[in-house]
Amino acid sequence: MDFNHTDDRRMLADTLGRFIAGQTDPMARAEAAKTAPGYDPAVWTRFAELGVIGALFGPDDGGFGGGGFDIMVVFEALGAGLVQAPFLSTLLAGRALAAAGGRADEIEALIAGTMVIAFAHQEGGAGYDLDHVATRAERNGNDWVLTGSKSVIADAEGATLLLVSARTSGEVGDRDGVSLFLVPVQASGLDVRGYPCVDGGRAAEVRLDGVTLPATALVGTEGDGTGSIADAVAAGLLALCAEALGAMAVVRDATLDYLRTRMQFGEAIGRNQALQHRMAALLIEIEQARSAVINAAAALDGPGNARERMLSAAKYTIGRTGTLVAEEAIQLHGGIGMTWELPMTHFAKRLMMIDHQLGDEDHHLARYAALSRAA
Amino acid sequence: MDFNHTDDRRMLADTLGRFIAGQTDPMARAEAAKTAPGYDPAVWTRFAELGVIGALFGPDDGGFGGGGFDIMVVFEALGAGLVQAPFLSTLLAGRALAAAGGRADEIEALIAGTMVIAFAHQEGGAGYDLDHVATRAERNGNDWVLTGSKSVIADAEGATLLLVSARTSGEVGDRDGVSLFLVPVQASGLDVRGYPCVDGGRAAEVRLDGVTLPATALVGTEGDGTGSIADAVAAGLLALCAEALGAMAVVRDATLDYLRTRMQFGEAIGRNQALQHRMAALLIEIEQARSAVINAAAALDGPGNARERMLSAAKYTIGRTGTLVAEEAIQLHGGIGMTWELPMTHFAKRLMMIDHQLGDEDHHLARYAALSRAA
Amino acid sequence: MDLSFTPDEEAFRHEVRAFYAGSLPPSLADRIRLGHGLTKDEQEAWQATLARRGWLVPHWPVEWGGTGWSAVERYIFDLESSLANAPRPIAFGFNMLAPVLLKYGSEEQKRHWLPRMLDGSDWWCQGYSEPGAGSDLAALKTRAVRDGDDYVVNGQKTWTTLGQHANMIFALVRTNDTGRRQEGISFLLIDMTSPGVEVRPIITLDGDHEVNEIFFTDVRVPVGNLVGEQDRGWTYAKYLLTYERTSMAAVGSSTAALAWLKSLAAKQQRGGKPLLDDPLFAARVARAEIELANLSTTALRVVAAVAGGGAPGAESSMLKVKGTELRQEISALARRALGPFAQPFLPEALEDGFNGEPVGPPDAAAVTPQYLNLRKLSIFGGSNEIQKNIISKMILQL
Amino acid sequence: MDLSFTPDEEAFRHEVRAFYAGSLPPSLADRIRLGHGLTKDEQEAWQATLARRGWLVPHWPVEWGGTGWSAVERYIFDLESSLANAPRPIAFGFNMLAPVLLKYGSEEQKRHWLPRMLDGSDWWCQGYSEPGAGSDLAALKTRAVRDGDDYVVNGQKTWTTLGQHANMIFALVRTNDTGRRQEGISFLLIDMTSPGVEVRPIITLDGDHEVNEIFFTDVRVPVGNLVGEQDRGWTYAKYLLTYERTSMAAVGSSTAALAWLKSLAAKQQRGGKPLLDDPLFAARVARAEIELANLSTTALRVVAAVAGGGAPGAESSMLKVKGTELRQEISALARRALGPFAQPFLPEALEDGFNGEPVGPPDAAAVTPQYLNLRKLSIFGGSNEIQKNIISKMILQL
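For the protein sequence lines, the chains are A, B, C and D, in the order given.
Under UniProt numbering, the first sequence is numbered contiguously, ending at residue 375.
Under UniProt numbering, the second sequence is numbered contiguously, ending at residue 375.
Under UniProt numbering, the third sequence is numbered contiguously, ending at residue 398.
Under UniProt numbering, the fourth sequence is numbered contiguously, ending at residue 398.
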C-alpha cells in the first residue's frame with residue numbers, strides 16, 4: 001500500500017505545475033473562448049514538448065505512461081491551472097484509436113502535438129447514453145457515406161480530424177453496430193458550427209450531410225466501435241474527475257483565504273462558527289472525493305465491471321461534491337463571489353460544467369447501482 | 001382565506017389539550033405497552049365522553065365533524081400529548097365502514113367508545129402497497145372462510161372486531177376483488193399475537209386459519225373494498241401527519257429549552273452559531289411541514305387525484321421532516337438525548353415510527369410523482 | 001380554516017390576469033421567464049403601462065397613488081405578476097426609498113420626489129453596500145462633510161443594481177465619527193449627473209452587467225437632499241430593512257419556473273425515455289414541487305397573519321431562506337435537465353432579433369446563465385446566513 | 001501509488017481471517033452484527049481467547065504484551081475484526097488507560113495494573129463525564145481531598161459505559177480550585193468495590209442498559225493510585241484523546257452492516273419487486289456504498305501517513321465525523337428497509353435461547369433498537385460538533 005506517486009509521476013507533476021503557473025491566467029481562458037480554436041496552439045506545442053501528452057498513452061502506443069495514475073497526475077495539474085487546451089479531446093480520441101488498433105501514425109501525431117482529433121460521439125438526443133447513436137454510415141461502393149449530427153463536441157474547430165461514431169447496423173440504442181470513422185474537417189458535407197462554453201473553451205455542433213469517405217476512414221472493425229468508445233470514455237471519466245480535484249483544491253484554498261482575511265463586524269468572517277462547520281464539512285467531502293478518484297485511477301487498468309463501477313462512483317462523487325464546493329464557495333464569498341473578475345468563480349463554473357460531461361451525478365449513481373446488481 | 005380554526009374546533013382543541021395535559025404522562029405510554037391492550041380503557045371512555053371520537057366522523061355517520069381540519073385538530077393534540085389510545089384504528093376502521101355503508105351500529109359503538117375495531121389490512125409481504133392482499137375469502141355455502149395473515153395490526157388485542165381485507169377474486173396486487181369482513185376476535189381459527197411497539201402502544205400479528213364467518217360478516221359489496229380502504233387510509237394519512245405536527249412542536253420546544261439553559265464552556269450551548277443555524281433550518285422545515293398538513297386537510301374532502309397528491313405530499317414531508325427533527329433533537333441534546341428517562345426521546349421515537357405507518361417518505365414521493373404524471 | 005380566496009379576491013385575481021393577458025407583451029414575458037434583463041426603455045415603458053392602470057405602487061398610501069389593497073390582494077397581485085412573468089417595477093425607488101420618505105421625509109421632499117417616481121422622471125438606485133461594508137453595513141466609510149449649503153461626498157459604493165440606468169441614488173454616508181458606528185450615518189439623496197459621480201460596471205459570473213460600483217469624488221449635494229436628521233440615517237435604513245417582504249418567498253416566480261422546467265424535462269430524453277420519467281429526476285422535481293406547495297401555504301399564512309394585524313418579523317426571514325433556496329434548486333434542475341447542452345455560452349441567442357440557429361432545446365441558452373445569476377438570491381437582500389442569525393435571535397431567542 | 005497490500009500484508013490478513021473462522025463462535029458474531037451486547041462472561045471469555053492468541057493488545061509495546069505490528073497491520077486487524085463481527089476488547093483499560101500508564105504511570109503502577117488487564121483480573125471503566133461536564137470536560141466537579149495516605153473522593157460521574165461490569169474506574173477529579181480550570185485536575189484509579197461507590201443504570205432510548213451513573217460518597221483511594229503528579233491530570237487526559245483512532249472511521253463495521261442491509265433489502269418486497277430494485281432505495285444504498293468505498297481509502301490514506309511518520313491530528317476528526325454519519329445512515333436504511341416491521345419492540349427476541357416466533361424478517365427485532373442505539377456515535381467520543389470545531393481550528397485555521 002503506497003499513496004505516494006512514483007518519482008516519475010511526481011517529476012511530471014512538478015514540471016507541469018511550474019509550466020502551468022508560468023503560462024496561464026485563469027481569466028485568459030474566458031477571453032480565448034471567444035474565438036476558435038479556443039486555446040493557444042503555441043502553448044499546446046509546449047505541452048507536447050514537455051511530454052505531457054505522451055504521459056497519457058502507454059508504451060505500446062508510443063507514449064510513456066497511460067496508467068490511471070498518469071492520467072490523474074496530469075489532469076489534476078490541469079484542473080489546478082484551469083488550463084484550456086485539447087487534452088480531454090486528445091485523450092478520448094487517442095484512447096479510442098488505440099483500442100481500435102491500426103492507427104499508430106495518428107496517435108504519434110497526437111502525442112507530438114502536431115494534430116488534434118476531436119471525439120465526435122455525443123448526439124443531441126442522447127442525454128448521457130453512450131449507445132444512442134443515430135448518425136448512420138452507409139456503404140457506397142468502396143466508400144462510406146455518413147449522415148447525422150453530433151452535439152457539443154469540444155475542440156472540433158481546431159481539429160484536423162474528427163473521430164465520428166456512426167451506426168453501420170442496428171437501431172438507435174443498440175450496443176452493437178456502431179463504427180468509428182476519421183473524418184477530415186475539410187470534408188465536403190461536414191458542417192462545424194463552433195461556440196464558446198460557459199467554463200471557457202469551445203465546442204461545436206457538427207452536421208454530417210452525406211459526407212463521403214474512403215474505406216480507409218473506418219477505424220478498427222466495422223460494427224465494433226462500442227468497446228473502443230467505452231475504453232476512451234473510461235479514461236475520460238477519470239480525467240474529468242482528476243481535473244475537478246485540482247480545481248476543487250484551488251476553490252477551497254481561495255475560500256479559506258477569504259474566510260481568514262475578510263473582516264466583518266470587527267473580525268474575520270471565518271470566526272463565524274456556522275461557516276466553520278460548513279467549511280469543515282466541505283473539507284471532508286473534498287477528501288472523500290480525492291479518495292474516489294484514487295479508487296478510480298487504481299481501477300482503470302483492471303477488470304471491466306469493477307472498473308466501470310469505480311469510475312461511476314468517482315464521477316458521481318465528483319459531480320455531487322464539485323457542485324457543492326462551487327456553490328458553497330460562491331455563497332461563502334458573498335457578493336464578490338458573484339463577480340467575473342474573481343478567478344475563483346471561473347474554477348467554480350468549471351466544476352459545475354464537469355457534471356455535464358460524460359454523465360452527471362444522477363446518471364452515474366443509477367449506473368453504479370445497475371452495475372452493482374450485475375456484479 | 002382564513003388560517004384560523006373555527007370556534008368549535010378551537011374549543012375542541014382546548015378541551016382536548018387540557019384533558020390530555022391532565023391525564024397522560026409520556027413515560028406511562030412505554031409502560032402501558034408492556035401488556036394488552038396497551039392503553040387505559042377508562043381514559044378511552046373519557047375521550048368518547050368528551051366527544052373526541054365523534055369529531056372524527058361526519059353527521060351522516062352519527063358524528064359531528066369528520067372534515068379534514070377536524071381530524072387535524074384532534075390528532076395534533078394527541079401528538080402533542082403522545083397519547084396512546086386506539087384513535088387511528090378507530091378512524092381507519094370507522095371511515096372504511098362508513099365508506100362501505102350499512103354499518104351504522106358499529107360506527108355508533110365506535111363513537112361511543114364502547115367498541116374498538118382494529119383495521120386489519122396490512123400484510124407482511126406488502127411493504128406499503130395497499131393492493132397487496134394475499135389473504136383469501138372463499139364461499140362455503142352461505143358462509144365465508146378466510147385464510148391468510150395480517151401484520152403489525154395496531155390495537156388488535158383490545159378490539160372486539162377486526163376489519164379484515166381479503167381477496168374474493170383476482171390475484172395479489174389487483175385493485176379489484178378485495179372485500180372487507182368484520183371478524184370477531186373470538187372467532188375460531190383466528191390467532192392474534194400481540195407485542196409492544198418501539199414508540200409505545202401495541203400491535204399484533206394476525207393469522208386467519210380457515211376462519212368461518214356468516215354472510216353478514218361481509219362489509220359493503222363483495223369485491224369492492226379497495227375504495228373503502230383508500231378512503232380510510234386517506235383519513236389515516238392526514239391523522240398521522242397531524243399527530244406528527246403535535247409531536248414535532250414538543251420536540252422543538254424541548255430542544256430550544258435545552259439550548260437556552262444547558263451551559264457549556266461558560267455559556268448556553270445555544271450561543272453556538274453552528275447550532276443556531278441548524279435550529280433555524282429546522283424551524284423552517286417545521287413550518288413547511290405545518291403547511292403541508294394544512295394543504296392535506298383542505299384537500300381531504302376534495303376530488304381524488306388532488307386529494308391523494310396532497311396527502312402523499314404531506315406524508316412525504318412529514319416523513320422527512322419528522323425524522324430530521326427527531327435526529328437533530330437527539331443530537332443537539334447530546335448524551336441526555338440518548339436516555340429513556342427524557343420525555344423528548346419518546347416523542348422522537350414516535351416521529352421516527354410514523355414514517356413506517358401507511359407509507360414512508362420514499363413511497364409517498366414516488367407516489368406523488370406518479371400521481372402528478374397522471375394528473 | 002379555509003384556504004380558498006373569497007369571491008371578491010377571486011374576482012380581483014381574474015382582473016389581474018386579464019390585465020396581463022391584454023397589456024403584457026409576450027416578448028417581455030419571455031425575457032423575464034428566461035432571467036434576461038429588460039432594456040432601460042422597455043422597463044420605463046412597462047412602468048408607464050402599470051402607472052396608467054394605477055398599479056405601479058399598490059403599497060403606497062392612496063393619497064400618494066397607492067391602491068388601498070388588503071394584504072391578501074397585494075399577495076394575489078404579486079403572485080399573478082410572477083405567474084405572468086411580468087417585469088417588476090424597479091424596487092429601489094418604489095419599494096425602498098418611498099416608504100422612508102413617507103415616514104421620515106419632509107413634506108417638500110415627498111411632494112418633489114414621489115410624483116417624479118410615478119411619472120418616470122427619476123430612476124433610483126441604492127447606495128448602501130461598500131467594498132468593506134457588506135453584511136456589516138455600519139462599517140461604511142463614504143463620507144459627507146457639510147460645506148455651506150451642501151454636503152461634499154467622497155467614497156465608494158458597490159453592488160449597485162442597475163446603477164447604469166439610474167439618475168438618482170439614495171445613499172448612506174458617514175457624517176460623524178464619534179460614538180457608536182451606527183450613529184453618525186446620514187441618509188442622502190444624490191443626483192448622479194453631478195460632477196464627481198462615476199459608475200463602473202461589475203460583470204457577474206454569468207457575464208452579465210447588472211451591478212455597478214459608484215465612485216464619489218467631491219460630489220456636492222444640497223442639504224435639502226438630506227432625509228430626516230443628520231447622523232440619524234441608520235434608523236431610516238433599518239426601517240427599510242424590516243419593511244414587509246413576503247414576496248421574498250418567490251412563490252410566483254418559482255411556480256412559473258417549475259412549470260417551464262417540467263415542460264423542458266418532458267422533452268429531454270434519457271435512455272430512450274423522457275427525463276421526467278427518470279426515477280431520480282422525477283423525485284427531484286417532485287421534491288421541489290412539494291416544497292413549493294408547502295411554501296405557498298407558508299407564505300399565505302404570513303400574509304394572513306399580517307392581514308390580521310400581526311407583525312411580520314423573522315417570518316419573512318424564513319420565507320427568504322426557503323424561497324431563495326427553492327428558486328435556486330429549480331434553476332439547478334433546469335441546468336441538470338439540459339444535460340450536455342448546459343455548456344454552450346451563447347448570450348447573443350437571448351437578444352431580441354437573434355436569428356442564428358439555437359443550440360439544444362429552445363431557450364437552452366438562458367438556463368446556465370440564469371442558474372449562475374440566481375446564486376445571488378441567497379447572497380443579496382441580506383444573505384441567508386444573516387437571515388438565520390435573525391431567526392435565531394428573534395424566534396428562537398438563542 | 002499502489003492501493004493493494006503487500007504479499008506479507010495479504011498473508012497476515014489471511015491469518016487473521018483464519019483465526020476468526022476457527023475461534024469466533026457464530027453466536028457471538030451474530031450478537032455483534034445485531035448490535036446486541038455480550039454478557040460479562042462472554043466478553044471475558046472472548047478476551048481470554050484473544051489473549052491466548054497474543055492479539056488482545058496489539059498496540060501495546062512488545063515488552064508489555066503487544067504485537068509490534070505496523071500501522072497497516074493494525075489497520076488490517078481492525079478491519080478484519082469488524083468484517084468478522086468479532087467482539088472488541090473493552091477499550092477503556094486496553095486502549096485508553098494503558099497508554100496513559102505506559103507514558104505517565106510509575107513502574108510500580110505499570111507492573112501492577114497492565115498484567116491484570118491481560119489476565120482479566122480487572123474490568124476498567126472511564127470516569128470522565130459529569131452531568132455538568134460533557135463536551136466541556138474541564139468543568140468537572142468531582143472532588144478528591146488528600147487525607148493522610150488517601151484521597152477522599154466525592155462527586156458523580158455519568159455516561160459510564162459498562163460500569164455495571166467494572167471493578168475499577170479511572171477518573172478525573174478536582175484536587176485544586178486555584179488557577180485555570182484545566183489545572184487542579186488529577187487522574188485517579190479507583191476501586192469500585194470501595195465503600196461509598198454506587199452504580200446506577202441509565203436506560204438508553206432503545207431500552208438498553210449500557211451506560212451508568214457512578215456516585216462517590218467519601219470514597220477512600222490510596223495515594224498510590226494517583227497517576228503522575230497531582231493537579232496535572234488534564235495533560236494525561238488530553239494525551240489519551242489525541243491517541244490514534246483511525247478505527248473511528250468504522251469502515252469494517254459499516255462494510256459488514258452494508259452487506260447485511262443489501263441481503264435484507266433483496267428479500268423485502270415493494271410493489272411486487274425486491275426493495276433493492278426500487279430506484280430511490282437503490283440510489284440510497286448506492287450512495288452509502290460509494291461513500292464507504294471512498295471512506296475506506298480516506299482511512300487508508302491516514303494510516304499510510306501515520307506509517308510514514310506523519311502525525312494523525314484533525315484527520316482522525318474527519319474520519320470520525322464521516323464514519324459515524326455513514327454508519328448511522330446504514331442503520332437508518334436498514335430500518336427503512338423493514339417497512340412496517342420496524343415498529344415491533346421485541347428485545348427478548350434477541351436473547352440467546354429465545355424460542356418464540358419472530359415478527360417480520362429474520363433479525364428484524366434488532367434493527368430499530370440498533371438504529372436508536374447508534375445515534376450515540378455522533379454524540380459520544382467527542383461529539384461531531386466538537387470534531388468540526390477541531391477541524392476548523394487545526395486544518396482550516398479559522
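There could be a bad hint or two in this list.
Computed from the model, here is a short list of chain A residues facing chain D with C-beta under 7 angstroms [to be verified]:
hint	residue
1	D2
2	N140
3	G141
4	N142
5	V145
6	I286
7	S291
8	I294
9	N295
These are computed hints drawn from the structure, not numbers from a lab.
Even for Gly, the Cβ is constructed at its ideal location relative to N, Cα and C.
Please check whether S291/A passes as an interface residue: C-beta within 7 angstroms of a C-beta belonging to chain D.
holds, 4 angstroms
Once the shortest beta carbon distance from N142/A to chain D is found, is it less than 7 angstroms?
violated, 48 angstroms
Under the criterion of a CB-CB separation shorter than 7 angstroms, is G141/A in contact with chain D as hinted?
violated, 49 angstroms
Hint status (Cβ of N140/A to nearest Cβ of chain D, threshold 7 angstroms):
violated, 45 angstroms
Interface hint for N295/A, Cβ within 7 angstroms of any Cβ on chain D:
Cβ of N295/A sits 6 angstroms from chain D, so the hint holds.
Interface hint for D2/A, Cβ within 7 angstroms of any Cβ on chain D
D2/A check passes; min Cβ-Cβ to chain D is 5 angstroms, inside 7 angstroms.
V145/A as chain D interface residue, shortest Cβ-Cβ below 7 angstroms
V145/A check fails; min Cβ-Cβ to chain D is 41 angstroms, beyond 7 angstroms.
With chain D as the partner, please determine if I286/A meets the hint condition of a C-beta pair closer than 7 angstroms.
Violated - the Cβ of I286/A stays beyond 7 angstroms from chain D, reaching only about 10 angstroms at its closest.
I294/A as an interface hint toward chain D, with CB separation required under 7 angstroms
With a minimum Cβ separation of about 6 angstroms from chain D (threshold 7 angstroms), the hint on I294/A holds.
Going through the hint list in order, the structure does not satisfy hints 2, 3, 4, 5 and 6.
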